[in-house]
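Now for the letters of each chain:
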Amino acid sequence: MSIHIPILIIISPLLAAFLVLLSRKYKIILATASIITSIVFTLTLSSRVLSGDKVTYHLGGWRGPLGISLVVDELSLFFSLIVLGLGLLVIVYSMPERNYGRTYYFLLLVSLSSMIGVIYTADIFNMYVFYELLSLAVYLLIAYPKTGVTLRASFNYLIMGGVGLSFFLLGIGFLYAMTGTLDMFHIAGRLPAAFDSSMQMVIMSFVLIATGMGIKIAVFPLHGWLPDAHSMAPSPVSALLSGITVKIGIYCLIRVVYTVFSTEMFLLISSHNILIVLGVVSLLFGASMALVQKDLKRLLAYSTINQLGIVLIGLGIGTELGLTGALFHVLNHAIMKSTLFFCAGIMITETGTREVKGLSGFGRQQPAITFAFIVASLGMIGIPPINGFASKWLICLAAVEAGYTFPVVIILIASTIAAAYYFRVIQVLFGGSLKQGPMPAHEGEQVIHRGNLFRSWPIYILAAGCLLLGLLPALGISLVKPAVSLLLFHVVP
Amino acid sequence: MTPINISLLVFMIGLYGVMSKNNLIKKIMGLTIMNGSIVLFFISIGYRKGGLAPILEKGTTGDIPTIIVVDPLPQALMLTAIVIGISVTALALALIVKIYSKYKTLDIQQLSKER
Amino acid sequence: MRSSKIIRTIAQKLFPFIVLFGFYLISHGHLSPGGGFQGGVVLGTAIILLALSHSIEQTEKKFKSRWLNMLEKLGILTLIFLGFLGIFLGYSFLSNFLPLGKPGQIASGGLMLFFNIAIGIKVAAGVSVIFYALVRYRGEI
Numbered sequence: 001m002s003i004h005i006p007i008l009i010i011i012s013p014l015l016a017a018f019l020v021l022l023s024r025k026y027k028i029i030l031a032t033a034s035i036i037t038s039i040v041f042t043l044t045l046s047s048r049v050l051s052g053d054k055v056t057y058h059l060g061g062w063r064g065p066l067g068i069s070l071v072v073d074e075l076s077l078f079f080s081l082i083v084l085g086l087g088l089l090v091i092v093y094s095m096p097e098r099n100y101g102r103t104y105y106f107l108l109l110v111s112l113s114s115m116i117g118v119i120y121t122a123d124i125f126n127m128y129v130f131y132e133l134l135s136l137a138v139y140l141l142i143a144y145p146k147t148g149v150t151l152r153a154s155f156n157y158l159i160m161g162g163v164g165l166s167f168f169l170l171g172i173g174f175l176y177a178m179t180g181t182l183d184m185f186h187i188a189g190r191l192p193a194a195f196d197s198s199m200q201m202v203i204m205s206f207v208l209i210a211t212g213m214g215i216k217i218a219v220f221p222l223h224g225w226l227p228d229a230h231s232m233a234p235s236p237v238s239a240l241l242s243g244i245t246v247k248i249g250i251y252c253l254i255r256v257v258y259t260v261f262s263t264e265m266f267l268l269i270s271s272h273n274i275l276i277v278l279g280v281v282s283l284l285f286g287a288s289m290a291l292v293q294k295d296l297k298r299l300l301a302y303s304t305i306n307q308l309g310i311v312l313i314g315l316g317i318g319t320e321l322g323l324t325g326a327l328f329h330v331l332n333h334a335i336m337k338s339t340l341f342f343c344a345g346i347m348i349t350e351t352g353t354r355e356v357k358g359l360s361g362f363g364r365q366q367p368a369i370t371f372a373f374i375v376a377s378l379g380m381i382g383i384p385p386i387n388g389f390a391s392k393w394l395i396c397l398a399a400v401e402a403g404y405t406f407p408v409v410i411i412l413i414a415s416t417i418a419a420a421y422y423f424r425v426i427q428v429l430f431g432g433s434l435k436q437g438p439m440p441a442h443e444g445e446q447v448i449h450r451g452n453l454f455r456s457w458p459i460y461i462l463a464a465g466c467l468l469l470g471l472l473p474a475l476g477i478s479l480v481k482p483a484v485s486l487l488l489f490h491v492v493p
Numbered sequence: 494m495t496p497i498n499i500s501l502l503v504f505m506i507g508l509y510g511v512m513s514k515n516n517l518i519k520k521i522m523g524l525t526i527m528n529g530s531i532v533l534f535f536i537s538i539g540y541r542k543g544g545l546a547p548i549l550e551k552g553t554t555g556d557i558p559t560i561i562v563v564d565p566l567p568q569a570l571m572l573t574a575i576v577i578g579i580s581v582t583a584l585a586l587a588l589i590v591k592i593y594s595k596y597k598t599l600d601i602q603q604l605s606k607e608r
Numbered sequence: 609m610r611s612s613k614i615i616r617t618i619a620q621k622l623f624p625f626i627v628l629f630g631f632y633l634i635s636h637g638h639l640s641p642g643g644g645f646q647g648g649v650v651l652g653t654a655i656i657l658l659a660l661s662h663s664i665e666q667t668e669k670k671f672k673s674r675w676l677n678m679l680e681k682l683g684i685l686t687l688i689f690l691g692f693l694g695i696f697l698g699y700s701f702l703s704n705f706l707p708l709g710k711p712g713q714i715a716s717g718g719l720m721l722f723f724n725i726a727i728g729i730k731v732a733a734g735v736s737v738i739f740y741a742l743v744r745y746r747g748e749i
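Protein chains in written order, with my numbering: chain R, 1 to 493; chain Y, 494 to 608; chain D, 609 to 749.
In short, the hints are calculated from the structure, not lab data. Beta carbons are placed, not taken as given, at the ideal position from N, Cα and C, and that holds for glycine. Hints should not be assumed to be uniformly reliable.
Stretch by stretch, here's where chain R covers chain D in the computed footprint (C-beta under 8 angstroms, at least three residues) [unchecked claim]:
#1 666–673
#2 685–691
FRET-style restraints, in silico, Cβ to Cβ [said to hold, decoys possible]:
#3 Y/I518 with R/M201: 48 to 56 angstroms
#4 R/S51 with Y/Q568: 38 to 46 angstroms
#5 D/Y699 with R/I28: 42 to 50 angstroms
Just a few of them, taken from the derived set where beta-carbon distance is under 7 angstroms, the chain Y residues facing chain R [stated by the list, open to error]:
#6 Y509
#7 V511
#8 L524
#9 M527
#10 I536
#11 I538
#12 K542
#13 A546
#14 L586
#15 L588
#16 K591
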């Protein structure tokens, strides 16, 4: 049974999703049990993967360039641990809400299962299919409270996501026309021959795939769906989106660049300069737009564009230090942004308003949650004992080593702007008394207590994670180093 | 005008439709046109000169390994892509029905002015 | 909205033939163009034809919404179960463990026939449920 583990990691949330639709009473137990099973399976794989040889699983017994295989190597393991860990915390956070019926857990489980599918598969068309499945589940999750703004935000995301994935599919078409196979490792073997014969088609396919992924990562010109979608969604879904779903786009970009197109081709069309420029522009754009936002969740959504710009700068630099910083920042941003969105969810339900002005006095009433919010926002700014500092420092160091000083200046400016808007929120939190009392349904003490228990423990765990990774950054870097050494130094088989 | 060039032209037409039409349903139509053009692209990639359809019929004469058939793999991939396109279109139309019942308009300029 | 008598009669008489054609497409998926999705859509179209020519309420009384929901979930659970049978009998997930017959006969593709049937039922139910859901807003807009 142990060789079947990779497919079981994908199938167990999917099976639980369809079983959740059939039963109303056991939906939460099924959801958490399936995700915990997947986490346990992933951890059993990790010892074998981290010792250097990747786990391959051929679906249906078809091997070679004809069949679909699942490949778990260090990069996939790293991303899948982030996805599953945060997925479990999102499910725990959304447990106390009574309005979330079976459809909500079904969509959540399908989206988590298809994320693991995108990460583990080695067949590029299969990656497209799982990515479309993920996008469909996320469009429905955003529109789950069927209010006017959520429907419009979901429709906006649908159109732009659909266009982006069509670009991705067209790029896959060009790759198939040149090489005749769909398995990523076999394409990498056959691509140099095709590159010599028709260089323009290779470049065209790379540009199409990168544009498609750029729409999903929300780099600067293609970011239009992100503020509405991430801010209007319900809070656990916002954490899922900002924390994990955009990271899947980054994973696809890294996988296509390093496994399918080898690094030499990437440098030939000087795309690393383009990535650094786009990263810098997203950085400034996200920071400036977040400064003027009045709505708390829109501020956090623009902050996501900000941080992803930093990851793109790290990826564009491409040295070992830059890649380590970029992947470490992916992990840190996932943890920090989820903490912030979870806290924002509690703040919005307790004070009844989404604006930053209305949160005054919340800090005095719930000091523990405010402390977690402060820890996470210090990390986003990049202040030393929290993990955000370690990853930003690594990227700045990599930029200086490689000779790019301008991005370092911009990163520092953007961190200052980030300090401005986060401190504005913290100042309001500790301001005067609560202007608006708690919601009438929460007046009984028992109701507040039980809801807060399930909602606050994920926040405490994530904030503790921020502090831990910040005080011992070597722990985080040791998680990232196998992935980076795989990307840069191993020969593609 | 090979089929590949025509499919890329139709892809651009679909992209123009998504970007510049104001009505929500016309945007969905643009997205469907883009999906259709990708189907045409993949299938025209799989064409081999003088190839038959990849179906083994009863009483096929001649040596089986030397018959030239068109590539069946893009056709199988496009079945999946068509299904995905239908699901996205169905979801988008369901969202449009709900948006219309709430706002009574389908014009995206007016919808973006709503608060 | 009542259609004319010609349309209602022809739709009623054509319905069994469309269903037969749908099942033909599903079961000959590994021999000729067709397969699970295509046959499922044709089956769903048969139900949609009835709903359009007669009234929605009459069609929904015959093909109940709850049954179609159950069929849809049953289809996907059958598919996952067939995949797991591959694991229990020692091969990989979704691998074929039935004997391959002579090419050209129906019982020749191994597990493909059962996959096609499961997918066909699921897609037929799915298309009908989507149609019911979208059409129910007729009176409220």
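Taking the closest Cβ pair, is Y/M527 under 7 angstroms from chain R?
5 angstroms, holds
Given hint Y/I536 near chain R, where the shortest CB pair must fall under 7 angstroms
Violated, because the Cβ-Cβ distance from Y/I536 to chain R comes to roughly 10 angstroms (cut-off 7 angstroms).
Given a cut of 7 angstroms on the nearest C-beta pair, is the interface hint for Y/I538 held or broken against chain R?
Interface hint status for Y/I538: holds (5 angstroms vs cutoff 7 angstroms).
The hint names Y/L588 as touching chain R; please verify it with the least Cβ-Cβ distance against 7 angstroms.
5 angstroms, holds
Holds or violated: is the Cβ of Y/A546 closer than 7 angstroms to a Cβ in chain R?
The hint is violated - Y/A546 has no Cβ within 7 angstroms of chain R, the shortest such distance being about 20 angstroms.
Can you tell me if the region 685–691 of chain D counts as covered by chain R, using C-beta to C-beta distances under 8 angstroms and a minimum of three residues?
holds (count 3)
Using Cβ atoms only, decide whether Y/K591 comes closer than 7 angstroms to chain R, and label the hint accordingly.
5 angstroms, holds
Holds or violated: 48 to 56 angstroms for the Cβ distance of Y/I518 and R/M201?
35 angstroms, violated
Next item in the hint list is Y/L524. Is there a CB on chain R closer than 7 angstroms to its CB?
The hint holds - Y/L524 has a Cβ within 7 angstroms of chain R, the shortest such distance being about 5 angstroms.
Is the hinted range of 38 to 46 angstroms satisfied by the C-beta distance from R/S51 to Y/Q568?
The hinted range 38 to 46 angstroms holds for R/S51 and Y/Q568, with Cβ atoms some 42 angstroms apart.
Do D/Y699 and R/I28 keep their Cβ atoms within the hinted range of 42 to 50 angstroms?
34 angstroms, violated
For the hint on Y/L586, just tell me whether its beta-carbon gets within less than 7 angstroms of chain R.
Violated, about 10 angstroms.
Of the numbered hints stated above, those contradicted by the structure are hints 1, 3, 5, 6, 10, 12, 13, 14, listed in ascending order.
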